[in-house]
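Taken in order, these protein sequences are the chains called A and B. Heads up: the first sequence is residues 8 to 468, going by this note's numbering. Heads up: the second sequence is residues 140 to 315, going by this note's numbering.
Hints in this document: simulated from the structure, not taken from any laboratory. Predicted model, so just to flag it, every value in this text is computed and none were measured. Beta carbons: idealized from backbone N, C-alpha and C, even for Gly. Any given hint could turn out to be false.
To be verified - Residues of chain B clear of chain A, computed beta-carbon distances all greater than 10 Å: (1) PRO182; (2) TYR215; (3) ALA219; (4) ILE221.
What the hints assert, rightly or not - List time: in silico SDA-like cross-link candidates among lysine to any residue, alpha-carbon distance up to 25 Å: (5) A:LYS270 x A:GLY237; (6) A:LYS270 x B:ASN281; (7) B:LYS168 x A:HIS81; (8) A:LYS265 x B:LEU153; (9) B:LYS308 x A:GLU58; (10) B:LYS165 x A:PRO59; (11) B:LYS308 x A:GLY115; (12) A:LYS265 x B:LYS308; (13) B:LYS308 x A:GLY237; (14) A:LYS213 x B:LEU153; (15) A:LYS265 x B:LYS168.
To be verified - For the chain A half of the interface with chain B, some residues (derived, Cβ under 10 Å), not all of them: (16) THR90; (17) PHE91; (18) THR292.
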Amino acid sequence: MERYQHRSYFIETPENESPMSKKPNQSGDMTAEPAPYGIETLAIHAGAQPEPVTGARNTPIFQTTSYVFEDAEHAADLFNLQTFGFIYSRLTNPTVAVLEERVATLEGGRAAVCAASGHAAQFLAFFTLLEPGDEFLSSINLYGGSITQFGHSFKRLGWNCHFVDPSDPENFRKALTPKCKAIFIEVLANPGGVVLDLEAIVAIAKDASIPLIVDNTIATPYLCRPMDWGADLIVHSTTKFLSGHGTSMGGALIESGKFDWAKDGKFPTMTEPDPAYHGLTFYETFGDFGFTMKARTVALRDFGPSMSPTNAFYTLTGIETLPLRMDRHVANAVKVAEFLDGHAAVKWVSYAGLKSSPYHQLAEKYLPRGAGSVFTFGLKGGYEAGIKLVESVNLFSHLANVGDTRSLILHPASTTHRQLTDDQREAAGAGPDVIRLSIGLETVDDLLADLDQGMSQAGKK
Amino acid sequence: MSPQPAPPSTETPLHYEDALLRRILKEVKTIAMVGASANWVRPSNFAMKYLQGKGYRVIPVNPGQQGEEILGEMTYANLADIPDQFDMVDIFRASNAAGAIADEAIAVADEKSIKVVWMQLGVRNDAAAERLEEAGLITIMNHCPKIEYGRLFGELRWSGINTGLISSKRPRMRAQ
Ligand SMILES: Cc1ncc(COP(=O)(O)O)c(C=O)c1O
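Modelling step: build the complete structure from the supplied sequences, incorporating the hints.
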């Protein structure tokens with residue numbers, strides 16, 4: 008049997024390891040689903056195991072570009088994707104892999120690939136889905152950078168995005184064309200307060216046999232799990248709440264494993280032999296994680312936006328406290344939104360956690376633990392007062408990010424949504440008087456006092 | 140590794156205990172792979188090569204390749220023609236072909252000492268499974284032994300795949 012055994016060792020998982028189930032199914036009945044661990048447990052444990060050589064309990068930062076092959080045949084098998092293993096950190100890295108499995112688990116997905124940023128993850132998703140000349144639909148209520156990526160840069164690659172007003176889900180159905188290959192939405196949208204009717208949009212995507220992609224950055228899997236409602240792909244900017252401390256850029260693309268890529272020949276990139284991989288057919292070979300394999304071994308391999316192992320480490324550490332942090336982010340955001348709602352200088356507040364919000368019912372359905380901590384409001388003093396407020400606050404940081412421990416403030420029209428036309432800005436909820444907040448984890452009374460003093464300064468002529 | 144991606148099934152979902160899969164993969168030594176392809180980019184060839192690398196002997200069964208070698212192993216037209224004993228049959232054929240192969244396995248089970256019949260990812264035939272179980276054969280459907288081996292023995296998660304495994308235990312490195 009000598010010739011079958013070119014691997015020098017194998018890793019044996021100890022006998023008493025539990026599957027993802029607290030109550031092993033004794034009957035041997037094939038139909039029972041195991042009871043899952045809670046999200047707090049998964050946020051800490053999913054993907055990570057003590058390191059076999061040293062016993063290191065926390066996931067080490069594997070700060071290496073490359074990995075020694077066992078022999079020439081092992082190298083060839085790895086390059087052919089005939090076996091699993093590490094070649095080069097542009098493709099896979101042990102620290103990044105732990106993060107990938109963790110986000111896949113938290114989202115209830117089958118597999119994930121991480122990327123250098125949220126935008127890079129979006130690129131990996133669309134490069135794996137589309138051919139030049141293809142089209143897709145996107146909600147207009149998006150992070151401004153995504154509107155620019157889809158509307159301008161993707162166009163140069165021959166990928167055409169049609170933007171849709173999501174307030175009536177049927178608008179997606181009306182906008183569908185035969186060349187549409189996907190629908191992209193943010194269920195809880197940046198910059199603020201808008202919640203989409205996920206279930207209705209899932210139904211439209213299913214009718215059209217195209218995948219629904221959800222950017223779940225602002226909600227996080229703690230507040231909303233779009234795959235439980237039928238979403239097929241999820242993208243994240245892990246830069247935000249997942250890493251959570253404003254330390255590390257990153258992105259993730261997660262696949263549910265439930266989309267049938269072969270159904271009507273719409274996705275030849277998945278179902279036909281790939282010339283970029285010696286004629287391998289990804290769906291047939293890798294089944295329910297074929298999309299992730301393709302995104303990694305073609306898009307990530309050939310364009311190279313990999314996540315660094317150090318950023319993966321910071322992000323893993325951040326995720327361990329995601330449930331705790333999100334509860335506090337939400338609690339603080341509710342108090343700040345209520346305070347602003349009752350403030351004499353404030354004209355309007357758009358936060359789906361407020362009972363007065365037109366999105367409150369949708370928020371209760373899709374975000375039962377809270378409507379996040381990113382939202383917008385406008386001052387009676389309009390644009391001028393808004394700019395002054397942004398410059399007058401002392402605890403809130405004036406910067407272009409969300410999902411930090413620190414509270415953040417921004418005027419989207421002049422920053423994140425600057426590249427858009429006036430109409431696009433209005434449609435995206437980033438008109439001239441809009442101020443965006445990302446509520447952090449500070450003492451909430453300090454946040455209220457800071458906004459109060461900022462608004463009184465903004466009110467002075 | 141699937142011969143044909145199956146449409147999302149409306150049948151009852153399948154769930155097998157990890158302990159059962161792990162036991163099968165540890166105890167089985169020799170696998171007859173029905174539908175093994177000589178074409179090296181086909182999923183069956185990938186799976187065969189991987190399983191060989193893990194120390195299994197894989198005997199290809201494929202009437203079109205009868206008498207030829209695949210990955211160093213002689214190919215046979217059917218299970219009965221295989222001169223040696225084997226513990227497991229891995230079915231790399233469409234679901235509707237799996238019934239006849241299952242019956243073939245039942246017919247030679249004692250003679251060949253077959254204990255397990257495993258249908259690949261995308262292959263499911265509930266009627267065949269019932270006959271196999273009645274004949275005392277452990278039956279797995281709609282799973283890939285390569286993927287399950289990788290999942291249960293720590294390699295699959297290197298590619299960002301959700302293995303569903305949670306453990307605070309230190310994995311042991313064992314020489315083969
Ligand atoms: C909802 C949303 N999606 C995507 C992105 C882009 O992510 P990144 O900055 O990590 O590329 C952002 C960043 O602000 C975002 O808020």
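Hint-by-hint comparison with the structure:
A cut-off of 10 Å between C-beta atoms contradicts the statement that PRO182 (chain B) is not in contact with chain A; the least separation is 5 Å. No Cβ of chain A approaches the Cβ of TYR215 (chain B) within 10 Å, the least distance being about 18 Å, so the stated non-interface status holds. Remark: the non-interface label on ALA219 (chain B) is consistent with the geometry, its nearest Cβ contact in chain A lying 24 Å away (cut-off 10 Å). Under the 10 Å C-beta cut-off, the non-interface status given to ILE221 (chain B) relative to chain A holds; the minimum distance is some 17 Å.
Only pairs whose Cα atoms come within 25 Å are accepted, and LYS270 (chain A) paired with GLY237 (chain A) is accepted, the gap being roughly 17 Å. Note on LYS270 (chain A) and ASN281 (chain B): the hinted pairing holds, with a Cα-Cα distance of about 18 Å set against a maximum of 25 Å. As the CA atoms of LYS168 (chain B) and HIS81 (chain A) are separated by approximately 21 Å, the hinted pair is consistent with the 25 Å bound. The suggested pairing of LYS265 (chain A) with LEU153 (chain B) holds, with an alpha-carbon distance near 14 Å, which does not exceed 25 Å.
For the hint linking LYS308 (chain B) to GLU58 (chain A), the alpha-carbon distance of about 10 Å falls within 25 Å, and the restraint holds. Restraint check: the Cα-Cα separation between LYS165 (chain B) and PRO59 (chain A) comes to about 20 Å, which is no more than 25 Å; the hinted pair holds. A threshold of 25 Å between alpha carbons decides the hint, and for LYS308 (chain B) with GLY115 (chain A) the separation of about 23 Å falls inside it, so the pair holds. Simply put, LYS265 (chain A) and LYS308 (chain B) have alpha-carbon atoms about 31 Å apart, too far for the 25 Å limit, and the pair is violated.
For the given pair, LYS308 (chain B) sits about 34 Å from GLY237 (chain A) by alpha-carbon distance, which is inconsistent with the 25 Å threshold. A threshold of 25 Å between alpha carbons decides the hint, and for LYS213 (chain A) with LEU153 (chain B) the separation of about 23 Å falls inside it, so the pair holds. Straight-line distance between C-alpha atoms of LYS265 (chain A) and LYS168 (chain B) comes to about 32 Å, which puts the hinted pair past the 25 Å bound. For THR90 (chain A), the interface hint holds, the least distance from its beta-carbon to any beta-carbon of chain B being 6 Å, beneath 10 Å.
Among the interface hints, the one on PHE91 (chain A) holds; its C-beta lies about 4 Å from the nearest C-beta in chain B, closer than the 10 Å criterion. Hint status for THR292 (chain A) relative to chain B: holds, with the closest Cβ pair at about 5 Å, below 10 Å.
The structure shown violates the earlier hints numbered 1, 12, 13 and 15.
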